[in-house]
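Engineer: Listed below are the residues making up each chain.
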Amino acid sequence: MSDNKQDASGGESCCACSLDSRRTMLAATVGAGAVVGLGVATPFVASFMPSERAKAAGAPVEVDLSKIKAGEMITVEWQGKPVWILRRTPEMIAALSKNDAALADPASERAVQPEYVKGVARAIKDEFFVCLGVCTHLGCSPNPKFAVGSESGMGDAWNGGFLCPCHGSQFDLAGRVFKSMPAPTNLVIPPHAYLSDTRLLIGKDSAEA
Amino acid sequence: MSLLNKLLAAAALAVTMAGVPMVAQAAGGPALDKAPVRFDDASLQQGAKLFVNYCLSCHGASSVRYNTLTQIGLSEQQIKDNLMFAADKPGEQMMVALRRDDARKWFGVAPPDLSVIARARASEQGSGADWLYTYLRQFYRDDSRPTGWNNVLFPGVGMPHALWGLQGEQEAHFVTKDDGHGNKVTHLESLEIVKPGTLTKEEYDEQVANLVSFITWMGEPGQETRRSMGWLVLAVLSVFAVVSWLLKRAYWKDVH
Amino acid sequence: MTCCKIVTDKAQQLLGWVDERFPLTTLYREHLAEYYAPKNFNFWYFFGSLALLVLVIQIVTGIFLVMHYKPDASLNAAGVPVAFASVEYIMRDVAGGKFIRYMHSTGASMFFIVVYLHMFRGLLYGSYRKPRELIWLFGMAIFLCLMAEAFFGYLLPWGQMSFWGAQVIVNLFEAIPVIGPDLSIFIRGDFVVSDATLNRFFAFHVIAIPLVLLGLVAAHLIALHEVGSNNPDGVEIKKYKDANGIPLDGIPFHPYYTVKDIFGVSIFLIVFAIIVFFAPEGGGYFLEFNNFFPADSLKTPAHIAPVWYFTPFYSMLRATTSDFLPVLWAFVALIAGLTFRGTGCVWIKRACLLLVAGLYWGFFGLTVFGFTPPPIDPVVLGVHLGRGLDAKFWGVAMMGGSVMLFGLLPWLDQSPVKSIRYKGPLFKTILTLFVISFVLLGFLGTKAPGYAFFGLIPGGPVAAICTILYLAFFGLMPWYSRIDKTKPEPERVTSK
Numbered sequence: 001m002s003d004n005k006q007d008a009s010g011g012e013s014c015c016a017c018s019l020d021s022r023r024t025m026l027a028a029t030v031g032a033g034a035v036v037g038l039g040v041a042t043p044f045v046a047s048f049m050p051s052e053r054a055k056a057a058g059a060p061v062e063v064d065l066s067k068i069k070a071g072e073m074i075t076v077e078w079q080g081k082p083v084w085i086l087r088r089t090p091e092m093i094a095a096l097s098k099n100d101a102a103l104a105d106p107a108s109e110r111a112v113q114p115e116y117v118k119g120v121a122r123a124i125k126d127e128f129f130v131c132l133g134v135c136t137h138l139g140c141s142p143n144p145k146f147a148v149g150s151e152s153g154m155g156d157a158w159n160g161g162f163l164c165p166c167h168g169s170q171f172d173l174a175g176r177v178f179k180s181m182p183a184p185t186n187l188v189i190p191p192h193a194y195l196s197d198t199r200l201l202i203g204k205d206s207a208e209a
Numbered sequence: 210m211s212l213l214n215k216l217l218a219a220a221a222l223a224v225t226m227a228g229v230p231m232v233a234q235a236a237g238g239p240a241l242d243k244a245p246v247r248f249d250d251a252s253l254q255q256g257a258k259l260f261v262n263y264c265l266s267c268h269g270a271s272s273v274r275y276n277t278l279t280q281i282g283l284s285e286q287q288i289k290d291n292l293m294f295a296a297d298k299p300g301e302q303m304m305v306a307l308r309r310d311d312a313r314k315w316f317g318v319a320p321p322d323l324s325v326i327a328r329a330r331a332s333e334q335g336s337g338a339d340w341l342y343t344y345l346r347q348f349y350r351d352d353s354r355p356t357g358w359n360n361v362l363f364p365g366v367g368m369p370h371a372l373w374g375l376q377g378e379q380e381a382h383f384v385t386k387d388d389g390h391g392n393k394v395t396h397l398e399s400l401e402i403v404k405p406g407t408l409t410k411e412e413y414d415e416q417v418a419n420l421v422s423f424i425t426w427m428g429e430p431g432q433e434t435r436r437s438m439g440w441l442v443l444a445v446l447s448v449f450a451v452v453s454w455l456l457k458r459a460y461w462k463d464v465h
Numbered sequence: 466m467t468c469c470k471i472v473t474d475k476a477q478q479l480l481g482w483v484d485e486r487f488p489l490t491t492l493y494r495e496h497l498a499e500y501y502a503p504k505n506f507n508f509w510y511f512f513g514s515l516a517l518l519v520l521v522i523q524i525v526t527g528i529f530l531v532m533h534y535k536p537d538a539s540l541n542a543a544g545v546p547v548a549f550a551s552v553e554y555i556m557r558d559v560a561g562g563k564f565i566r567y568m569h570s571t572g573a574s575m576f577f578i579v580v581y582l583h584m585f586r587g588l589l590y591g592s593y594r595k596p597r598e599l600i601w602l603f604g605m606a607i608f609l610c611l612m613a614e615a616f617f618g619y620l621l622p623w624g625q626m627s628f629w630g631a632q633v634i635v636n637l638f639e640a641i642p643v644i645g646p647d648l649s650i651f652i653r654g655d656f657v658v659s660d661a662t663l664n665r666f667f668a669f670h671v672i673a674i675p676l677v678l679l680g681l682v683a684a685h686l687i688a689l690h691e692v693g694s695n696n697p698d699g700v701e702i703k704k705y706k707d708a709n710g711i712p713l714d715g716i717p718f719h720p721y722y723t724v725k726d727i728f729g730v731s732i733f734l735i736v737f738a739i740i741v742f743f744a745p746e747g748g749g750y751f752l753e754f755n756n757f758f759p760a761d762s763l764k765t766p767a768h769i770a771p772v773w774y775f776t777p778f779y780s781m782l783r784a785t786t787s788d789f790l791p792v793l794w795a796f797v798a799l800i801a802g803l804t805f806r807g808t809g810c811v812w813i814k815r816a817c818l819l820l821v822a823g824l825y826w827g828f829f830g831l832t833v834f835g836f837t838p839p840p841i842d843p844v845v846l847g848v849h850l851g852r853g854l855d856a857k858f859w860g861v862a863m864m865g866g867s868v869m870l871f872g873l874l875p876w877l878d879q880s881p882v883k884s885i886r887y888k889g890p891l892f893k894t895i896l897t898l899f900v901i902s903f904v905l906l907g908f909l910g911t912k913a914p915g916y917a918f919f920g921l922i923p924g925g926p927v928a929a930i931c932t933i934l935y936l937a938f939f940g941l942m943p944w945y946s947r948i949d950k951t952k953p954e955p956e957r958v959t960s961k
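Protein chains in written order, with the numbering used here: chain V, 1 to 209; chain P, 210 to 465; chain D, 466 to 961.
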């Protein structure tokens, strides 16, 4: 109402975007103010992102494989997360394909893994299984359950694998998730490469540089 | 207040209090032996001696200062003369002499700090003291382990049996049985001493009880003082409650 | 005598001087001496003032804890995280620190006990009903802030439960389609829960959330004093006033309820002191045992559970599995069907249809219609279009939604009476079932996933049934509150 009066008295009623119009100027000020507000908010919102220090912490890790006995697993830290290296026995590798029917994604089509790990064993060398020890459900670290059959406490059909303590997701010895588990996908496999037969680099796709 | 109202109030109170007395049912996990925890000065001093001699070479208790031990009846001079091997001043913390990197190399993991271990090891199965009391008495010889030792309560433990000189060497006998549902269950049948230590079984249990008492005390020094102070606080609050009830009554007498 | 008189006169002068510049006397009258509260408050009406007391306890103890606590995840010389060690430093080396810390940790649990009882009072006497909807909504906002405050604060001791609790809860955000994974990194400020996370949670816990909380408490009280308090009879005392405009059934808040609340405070303090001095760990429920292990990012404890006050909602998250989704959908469809039949408004009818169809797609995707899902690539939206949203997302939605449902109560309750005293058997039965479900869900949430009652009754199905009962309390309320046989409300408040 008052705007109209103002416009009328200003005598410029034909033009909607008159510099005298309170309404127009109000909108313009709100707009300009919003831009200023956004600008001010930017550094605050941006400060929530991982800092350069946090990003730099993810340097690749070198591991000596010769000390791991067959059937044993070691855990190394990469980017603050546990990375498992399991030296699988021939029996363990042979048992993997027995699980296929019970798995949610046996061929790892939906899994996050580098291109060079393919097939049932999900490894560059079938013997060494390298995997991020972080459940794909809510990020707990599953426990190894390597015993086979009824002795494992996981039922007679158990061929060895992992059990997440938080919500009970089960994975086989290639980190593949069983059907109807809380975890939606197979365990993640980080980039890794062999520097030599016994030295492994975790966190990089190739041994160069 | 109607009957329903009273019932609901009672139910709500019961829920409120549930946090405190809810006693855990034994749900899985190995059974623990009840630790005879004693908070008298003599037991605690003996426990402190064992702790300093056997535990502190690898484990720290970095939240505990040596002079805290004056609370268990020791003078600073006594502490200095008998218990301080790795520190100069009684006000210093019980730090470990071993370097963490070395420890990791030798045992695979760095030995944890033990300041609050008795509180951490508590569970539905029993108190932290019960866990420690059971653990320290269940080491056995196992040549498949890098240290040559294993533990019934903590299979695959990284620590060798630090007290073996006192207890001697034990051998464990396991049996695997069918639990009636087609599952094979392995459990301990017996632990027997094959090479005796300097103490008899009863003496050893006694010393472990002293040690565990000390570790429990160390988890929160002055916990007995806290409790005895509690009675005083409750007495004062009761007086406050009575007085404030009378005040309320004095004001409300004319409300109908 | 003259001396006394001079002092009183001077005090009067001073008050006059202040009143000309600040409405002190007016405020005192409006909110205390001439705020008329119903005279029939019972036991349940203690918990409002007690909540205020716990807030003060938490703020005061918190200020003193901040003087000694260090939010630092790096390891000290002994190999213990600095934050963890600083809590033990407070417990041992700071004079009186132990009691300040125990008061703060006990206060956290007591806050939720008091607030849950305070909310239950609202359910009993219909305190959320018109004209008190906004009081209820401000209260809901306070409850949400309290949960955030507790969650952020729980990370600070930097123990195993702190770490893995934060890890699991932050990872819940990954369930949000498309932006989820980035969002959870954004919240942590790192790829894992780390020092950066600890520092920002500290900032939220000590500054950001408490400020919001105080503002909301003020709004809650201002709204309350605008419309006046409800009472156990659920009738308005403002209907009958004396010649001076004072409600016949009202009494001045001060001194009557101030002295009564002081008595309530004394009883509360006795309970509080019993916990602080004799059972500060609360049997492992107030201070969890595993939290005495320093945080270890490589090893999850064998059993992790949130602190007890979150477990009812956490249980519902866990109950939402892919097997449970069809049941949930059928239940929502039933409620939508009842609403569809019951309402005259065409827009609500359309909303019901949309809801059922939307949820059908969300739960089952296109596959059930006979479509083949498009080739699957987990990072693109196509998955969600083809397969619907996964159970993880619905679990998170369930957890959030089950808290938010309380906010709808003012509009769900169609009963002609407010108080349970005049409501019918149907409401009483369903409320009882609701309380039992809530307690059972809370209990199950503290247990491992495979828990069975007495080793016989599996916890999973019980949690699923309780979840449905919990939802039914809210979802079916418009229906059962309307058809229930109520008793006539009295004209004026009754004395017991």
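No wet-lab data here; the hints were simulated from the structure.
Where a beta carbon is used, it is the ideal one built from N, C-alpha and C, also for glycine.
A few of these clues could be false.
[As the list claims (entries may be wrong)] So the derived label-pair ranges between C-beta atoms look like this: (1) D:Thr894 - V:Gly155: 18 to 26 angstroms; (2) P:Arg436 - D:Lys952: 46 to 54 angstroms; (3) P:Arg436 - D:Thr491: 44 to 52 angstroms; (4) V:Asp100 - P:Ile402: 35 to 43 angstroms; (5) D:Ile901 - P:Lys404: 53 to 61 angstroms; (6) D:Asn507 - V:Asp105: 26 to 34 angstroms; (7) D:Ile644 - P:Leu456: 53 to 61 angstroms; (8) D:Ile901 - P:Gly374: 31 to 39 angstroms.
[As the list claims (entries may be wrong)] Derived SDA-like pairs (lysine to any residue); straight-line CA-CA distance at most 25 angstroms: (9) V:Lys69 - P:Asp310; (10) D:Lys535 - P:Glu301; (11) P:Lys298 - P:Arg350; (12) D:Lys764 - D:Glu598; (13) V:Lys81 - D:Gly809.
Engineer: Now tell me if each hint is right for this structure.
Structural biologist: Status of the hints after comparison with the structure:
At about 41 angstroms, the CB distance of Thr894 of chain D to Gly155 of chain V disagrees with the hint of 18 to 26 angstroms. A hinted range of 46 to 54 angstroms holds for the C-beta pair Arg436 of chain P and Lys952 of chain D, which are about 50 angstroms apart. Hint check: Arg436 of chain P to Thr491 of chain D, Cβ distance near 49 angstroms, so the stated range 44 to 52 angstroms holds. Between Asp100 of chain V and Ile402 of chain P the CB atoms are about 50 angstroms apart, so this pair departs from the stated range of 35 to 43 angstroms.
In this structure the supplied range 53 to 61 angstroms holds for Ile901 of chain D paired with Lys404 of chain P, their Cβ-Cβ distance being about 58 angstroms. Checked against the hint of 26 to 34 angstroms, the C-beta distance between Asn507 of chain D and Asp105 of chain V comes to roughly 58 angstroms, which is inconsistent with it. The hinted window of 53 to 61 angstroms between Ile644 of chain D and Leu456 of chain P holds, with their beta carbons roughly 57 angstroms apart. Take Ile901 of chain D and Gly374 of chain P: their Cβ atoms lie about 57 angstroms apart, and the range 31 to 39 angstroms is violated.
Restraint check for Lys69 of chain V and Asp310 of chain P: satisfied, since their Cα atoms lie roughly 22 angstroms apart, inside the 25 angstroms limit. Restraint check for Lys535 of chain D and Glu301 of chain P: the C-alpha separation of about 20 angstroms stays at or below 25 angstroms, so the hint holds. Note on Lys298 of chain P and Arg350 of chain P: the hinted pairing is violated, with a Cα-Cα distance of about 39 angstroms set against a maximum of 25 angstroms. Of the supplied pair hints, the one linking Lys764 of chain D and Glu598 of chain D is violated, its CA atoms being roughly 46 angstroms apart against a limit of 25 angstroms.
Between Lys81 of chain V and Gly809 of chain D the alpha-carbon distance is near 56 angstroms, which puts this suggested pair outside the 25 angstroms criterion.
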